[in-house]
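Colleague: For the protein sequence lines, the chains are C and L, in the order given.
In terms of numbering that gives the first Met the number 0, the first sequence has 318 at position 319, counting the first letter as 1, and numbering is strictly consecutive.
In terms of numbering that gives the first Met the number 0, the second sequence has 352 at position 353, counting the first letter as 1, and numbering is strictly consecutive.
Think of the hints as simulated: they come from the structure by calculation, not from any bench.
Mixed in with the good hints, there may be bad ones.
Claimed, not checked - Now the stretches of chain L that chain C is said to cover, found in silico as 3 or more residues with beta-carbon under 8 Å:
hint, region
1, 62-75
2, 79-91
3, 99-106
Stated by the list, open to error - DEER-style ranges, computed between Cβ atoms:
hint, chain 1, residue 1, chain 2, residue 2, range
4, L, T394, C, Y170, 29 to 35 Å
5, C, V137, L, S64, 50 to 56 Å
6, C, S15, L, A215, 47 to 53 Å
7, C, V43, L, I165, 55 to 61 Å
8, C, I16, L, S64, 50 to 56 Å
9, L, K111, C, Y170, 36 to 42 Å
10, C, H304, L, Q90, 36 to 42 Å
Unchecked claim - With a Cα cut of at most 27 Å, we get these calculated DSS-like pairs of lysine-lysine:
hint, chain 1, residue 1, chain 2, residue 2
11, L, K336, L, K371
12, L, K108, C, K207
13, L, K55, C, K65
Beta carbons: idealized from backbone N, C-alpha and C, even for Gly.
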Amino acid sequence: MNKLTNAVWNCFGKASIHIAKRDDIAWWKSWIIRVISVVMALIVCGFLTVALTDLNPIDVYVTMIKGAVGTPRLVWNLLQNTAILLCVSLAVTPAFKMRFWNIGAEGQVLIGGLATATCMIFLGEVVPGPVLIPMMFVISVIAGAFWAFIPAFFKARFNSNETLFTLMMNYIAIQIVAYFTLEWSVPKGSGTPRTLEFGQLPMLFGQKYLINIIVVILITVLMYIYLKYTKQGYEISVVGESENTARYIGINVKKVILRTMAISGAVCGIAGFLLVAGTDHSLKSDTAGGRGFTAIMVSWLAKFHPGFMVLTSLLIVFLEKGASKISEVYRLNSSFSDIITGIIIFFIIGSEFFINYKIKSNRKSKEEN
Amino acid sequence: MKKIVTLLLVAAMLVTSIAMLAGCGGETANEDFKIGFIFLHDENSTYDKNFLDAAKAATEELGLSAEQVIFKTNIPEGNECYEAAADLADQGCDIVFANSFGHEPYILKAAKEFPEVDFCHATGTTAHTEKVANFHNAFASIYEGRFLAGIAAGLKLNEMIDEGKITAEEAKMGYVGAFTYAEVISGYTSFYLGAKSVCPSVTMEVQFTGSWYDEALEKEAATKLLSNKCVLISQHADSMGAPTACENANVPNVSYNGSTKDACPNTFIVSSRIDWAPYFKYIINQRQKGEAIAYDWCEGFEAGSVALTEVNEQAAAEGTQAAIEDAKAKLIAGEIKVFDTNNFTVEGKKLESYLADVDTDANYEKDTEVIKDGYFHESEYRSAPYFDLQIDGITLLNSMF
Numbered sequence: 000m001n002k003l004t005n006a007v008w009n010c011f012g013k014a015s016i017h018i019a020k021r022d023d024i025a026w027w028k029s030w031i032i033r034v035i036s037v038v039m040a041l042i043v044c045g046f047l048t049v050a051l052t053d054l055n056p057i058d059v060y061v062t063m064i065k066g067a068v069g070t071p072r073l074v075w076n077l078l079q080n081t082a083i084l085l086c087v088s089l090a091v092t093p094a095f096k097m098r099f100w101n102i103g104a105e106g107q108v109l110i111g112g113l114a115t116a117t118c119m120i121f122l123g124e125v126v127p128g129p130v131l132i133p134m135m136f137v138i139s140v141i142a143g144a145f146w147a148f149i150p151a152f153f154k155a156r157f158n159s160n161e162t163l164f165t166l167m168m169n170y171i172a173i174q175i176v177a178y179f180t181l182e183w184s185v186p187k188g189s190g191t192p193r194t195l196e197f198g199q200l201p202m203l204f205g206q207k208y209l210i211n212i213i214v215v216i217l218i219t220v221l222m223y224i225y226l227k228y229t230k231q232g233y234e235i236s237v238v239g240e241s242e243n244t245a246r247y248i249g250i251n252v253k254k255v256i257l258r259t260m261a262i263s264g265a266v267c268g269i270a271g272f273l274l275v276a277g278t279d280h281s282l283k284s285d286t287a288g289g290r291g292f293t294a295i296m297v298s299w300l301a302k303f304h305p306g307f308m309v310l311t312s313l314l315i316v317f318l319e320k321g322a323s324k325i326s327e328v329y330r331l332n333s334s335f336s337d338i339i340t341g342i343i344i345f346f347i348i349g350s351e352f353f354i355n356y357k358i359k360s361n362r363k364s365k366e367e368n
Numbered sequence: 000m001k002k003i004v005t006l007l008l009v010a011a012m013l014v015t016s017i018a019m020l021a022g023c024g025g026e027t028a029n030e031d032f033k034i035g036f037i038f039l040h041d042e043n044s045t046y047d048k049n050f051l052d053a054a055k056a057a058t059e060e061l062g063l064s065a066e067q068v069i070f071k072t073n074i075p076e077g078n079e080c081y082e083a084a085a086d087l088a089d090q091g092c093d094i095v096f097a098n099s100f101g102h103e104p105y106i107l108k109a110a111k112e113f114p115e116v117d118f119c120h121a122t123g124t125t126a127h128t129e130k131v132a133n134f135h136n137a138f139a140s141i142y143e144g145r146f147l148a149g150i151a152a153g154l155k156l157n158e159m160i161d162e163g164k165i166t167a168e169e170a171k172m173g174y175v176g177a178f179t180y181a182e183v184i185s186g187y188t189s190f191y192l193g194a195k196s197v198c199p200s201v202t203m204e205v206q207f208t209g210s211w212y213d214e215a216l217e218k219e220a221a222t223k224l225l226s227n228k229c230v231l232i233s234q235h236a237d238s239m240g241a242p243t244a245c246e247n248a249n250v251p252n253v254s255y256n257g258s259t260k261d262a263c264p265n266t267f268i269v270s271s272r273i274d275w276a277p278y279f280k281y282i283i284n285q286r287q288k289g290e291a292i293a294y295d296w297c298e299g300f301e302a303g304s305v306a307l308t309e310v311n312e313q314a315a316a317e318g319t320q321a322a323i324e325d326a327k328a329k330l331i332a333g334e335i336k337v338f339d340t341n342n343f344t345v346e347g348k349k350l351e352s353y354l355a356d357v358d359t360d361a362n363y364e365k366d367t368e369v370i371k372d373g374y375f376h377e378s379e380y381r382s383a384p385y386f387d388l389q390i391d392g393i394t395l396l397n398s399m400f
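Chain L extracted, bound-state conformation (with noise of 0.2 Å):
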């Protein structure tokens, strides 16, 4: 009787320990692995549903099943985003993402709380100054694609101006910006140098909404483009509203943050956007391995974190692919610069030098130079935009501060 049970324990034994070294082999590490997300609205925000597409992609391409990957979404910038993170952590979350800038001071305290969770904070300023290890911002060079995005709108309108629909003094394009800040002043420049690119006598106003999500104001704006007489709008702002005016009135409209091809299928030309599955991807692999995530990080077209949607050939003018892929080609390799000194002006002189506020303080001070060899160096010292010049040929019709 002893014997037998003997064996039995140590069958027993056997197995589990076969088990846990089976477990150990496999992925451990993996199944206790946790990651929280939360977002400032939900999937009818175009912003949003940006990331929520991103964080679904980068998971379940990593294995992660749907018990270790927790969403929160319409957390508002205040408190209760600090009580969402907290939450979060005490959920057991490895990894906390927020994806709205408002959320940074909130995320930043619930940081230093758990200083044993990784707090990752999309579009932030402050992870290069404030220096805390377990907090994290990260943007991409989405001037880039934005630039890219603009020779796409250049071409359409060298198309009216060759259709003899307008003149090229009435090649004026509108742009509706969520607030006059730099991540908005860096997106529209770039838009407008892309088309200047190819197109020289452009010029462009913008219109302020004073909100990131607020469909009416939005189409509101873009209607009062229209009446200006641009004759191509694209926009900075997360709602449908500009996209559906411009389908409304059949102007061509480039977008942002995705295709609104299905809406606007006459007018939607191409968007750019920001892919966040690569950072995604980037910090659950370093957390799984133990490796440090980066304070600040950067990616552009090579990492596939700026990524523009398919040409809709209804609406783009022809040759538009071809002329993006080799503008591509040439940004990739450092050949051409989206901010390159000699292709604009501010009031009416080159710039030889500026002070931008990289340092995210109180009082706004500029603190580094960034204009080195002939070009404005954009997310290279911090990710998050810091272009806030007002550049010639480009109008703003009122200011939302």
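Chain C on its own, in the form it takes in the complex (with noise of 0.2 Å):
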């Protein structure tokens, strides 16, 4: 028995089950888990909401699928925030996957986001679109790359611990931006941004979003391919997995954790250029909406796989838009759809215990023994 195992026995105590970690599990046999998870959580909120409304479980659903996807609009509304809560979570992930936890996307979001917004602004009469949006894609690159940079220099030079450190940069960002929202906010002193009339991204077959989404499949693919057969991608595991043996075979893990940090950050620094050319046109400290924190959940949950990332990023996103049809339907106050969400979310984590560990009866094992 392991210690785990002993641990958990001595919790439960005389109870007839103990838990065991899964030395490997039939990805069909962990599917069935994550759908039972969310069938588990609709059947809960279902209860939930017949004991707190008098409101149909069944149509309170319903709504919320036509919150989501109910009109041409809805999709591509759900479509373009899938595309930058995944482009964030693309971003974090070649950091987690180093085990280098950048807790400031958020921070790196807003920091591209005012790189291109400080072009749109000075540069945006003078230098012509064509020429002006290239330029604006490139310096929001390097400002978010520079962001994260910061941190990793300090973790590689002075093994600073990173998650303090890229989530006090966070602070920093957000109110940089604040600054800069107040500086150019039209009437002055009103707080509410100015709009940026140059540089917007161009419709494409006239829909708003679709370079957004473009882009952020681009990325995708270049993440998975980047992760999983360069020889960078796989510096980046081998460091996670050991520091150590990463020496041993000749990494060097303080140029992999800059480069991959940077990688990170420039990632971060493209969805700021995505969220504030492609869709906000305008910059506050709010842009980035909580995504660089969001983006972790979403990463996590498709254990760094950008593909599952497509998933999962999707699921948070018609959860929440969905979520708000609820309260708008309703007239609920959002804190309930929060709720729902809250615990659709927490089934879903919970699924992963399932797949990692399995139940025994305590009876069954004994004999075995």
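Build the complex: two chains, separate frames, hints provided.
Modeller: This is the structure we're talking about:
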């Protein structure tokens, strides 16, 4: 018996079950567990809905689906929001794979957005669109990468705590952006950001968010290839598994940390660019909208696999959009829909437990022993 | 057999046509009518609660069913606002209303895309220059309400002076403002002038929070003003931060957006607020009649758009209610003006001329002469306030642009 099972056994005392780590699980079994968890979450939410309101839970779920995909506009909106969340999630993934806890995506996105907005304001009237937009893109990438490079540098040089460092960098970024929002607000002093007229991303086939979506699809594919098939991607995994091993086989760990964080920040910069130039056409301190933190969950839930991240980010945005429709249609405080979303996500995260561990009946295991 | 079928058909047609006629005579136009509201926060913000309550009251009074009235709460001032407005248009709304200043560019964008829907926006400034036929701004002459609230404050100060609690020179009020922006400046200046009209020695300090809604910051600002020996506090920010700080310190508070008496029974004096119900009824009626909605609407006491809550006898000075009624009648009659240039000075001088930034532009160019006939014409050239002068007697502790 391993240590963990022992500990759990002690906790359970005389209970007739115990928990053991699974060695491996067939992919279809893990998906069955996930689906069951979602169904159970929906049942629990159903009971809660009946208990707290006099609504029919089925109606509530139908409303939720309508709110997310009810009209073509809503579908595009869903896809666009998914794309941005996915982009940030992809950005934090290489760092996470390296076991570098980049909690600073929010700030990196904002700094990328600030770079974009700066170009749009100061170069908008001077530089024509076809030149301006690539410029904005490049500068945002550099800005995001720079912002992520700072904590990476301190980590590599002085072994500072990257979790706290990246977290604190968020607040600095938020304050810098808040300062410029006020500085640029129209009318002055109102705190309302100005609309950035020049350098907006063009529509594609009459769809204003299509460019965003295509860019993020490209990043997804590239990130998948980068992590899975390149030497650098392999180095990231090795450093993540064990820094000592990495050193032993001659990987320059510091260099990998710096490079990977720069990439992480650069992709965040792209997200900021897409948000400011592609959707919002303005910049505020809440432009990133907490996506830098939600992305952590998206990335973990997908176990750092870019393909699964498409699903997890879609799920989260779907729940969010559906939930706001619930409060709209039934005039419930948004707390109610937040509770529903929270329960569903809780069950999904919980399902990972049952995928990684199995519950055994004690009697049976004694016989085995 | 044929006959019976024909008879039945005729009968069926008759029934349908009668039903249709009855429908026409009744409220067919009203039944298809839909209005959508976009709110920045939900009922937890005093600002949004004020709008929500008015929307519910107005739509109920006009007999609109729940299906005809859609509320979208917690819509940020970003692209989400445009998406929300477009979604409301998709859902068949005839009117879309948004309540936050920062919603304006996104509502304007939606207005250009959906010319058949009327988009109404509270507190905005660009409708009178943009001239988009279906985009409308609205506000109320709330500075007059603030002036009356200021009178209640001034009377309270007088009471404290009479009771010997403070000297006339110590009559210093504190004001928690959101941003150093015309709407706030106009508000605190009219409040101060109201107080000064009954308590000539009054002075005031203003602390800005840099946010329209931040409970902790507003409480902190109020606490700072209290430690500066302000003996009465008012605020133009939307949380319960300042009123709560006052109740804890037992210092009188003149509130905004609605009564805070329940939470602050010992210190709440009175509150001015904009009642949006008259505007909501106006836009719904105009739309249903097929008549145009004013592009820049501003009303005051007479339309019921500016209202004062009940005076809290527990905290207010004696005779407050009567003094408010008296001043209100004079304001309506035009006998007194809030921004009478005889009643305030800027850098020690009486104001003879002032160009205000009425037409919004990126360079904040001053464009309109607003001093005529001896007073500053607030909210006359556009509905949203544009009084942004720093008058003597008011000290700004910080500024937040």
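Colleague: Confirm or reject each hint.
Modeller: Taking the hints in turn, this is what the structure says about them:
1. 62-75: Answer holds; 7 residues pass the 8 Å Cβ test.
2. 79-91: holds (count 4)
3. 99-106: Contact hint for the region 99-106 of chain L vs chain C: holds, 4 residues under 8 Å.
4. L/T394 to C/Y170: 29 to 35 Å: holds, 31 Å
5. C/V137 to L/S64: 50 to 56 Å: The hint (50 to 56 Å, Cβ to Cβ) holds, given that C/V137 and L/S64 are roughly 54 Å apart.
6. C/S15 to L/A215: 47 to 53 Å: With Cβ atoms ~51 Å apart, the hint holds.
7. C/V43 to L/I165: 55 to 61 Å: Once the Cβ atoms are compared, 60 Å apart, the range 55 to 61 Å for L/I165 and C/V43 holds.
8. C/I16 to L/S64: 50 to 56 Å: holds, 54 Å
9. L/K111 to C/Y170: 36 to 42 Å: holds, 37 Å
10. C/H304 to L/Q90: 36 to 42 Å: Between C/H304 and L/Q90, where Cβ atoms are some 38 Å apart, the hint holds.
11. L/K336 to L/K371: Given that 27 Å is the threshold and the Cα spacing comes to 12 Å, the pair holds.
12. L/K108 to C/K207: Holds. L/K108 to C/K207 sits at ~13 Å (cutoff 27 Å).
13. L/K55 to C/K65: With Cα atoms ~25 Å apart, L/K55 and C/K65 stay inside 27 Å; holds.
When the structure is compared with the earlier hints, no violation turns up for any of them.
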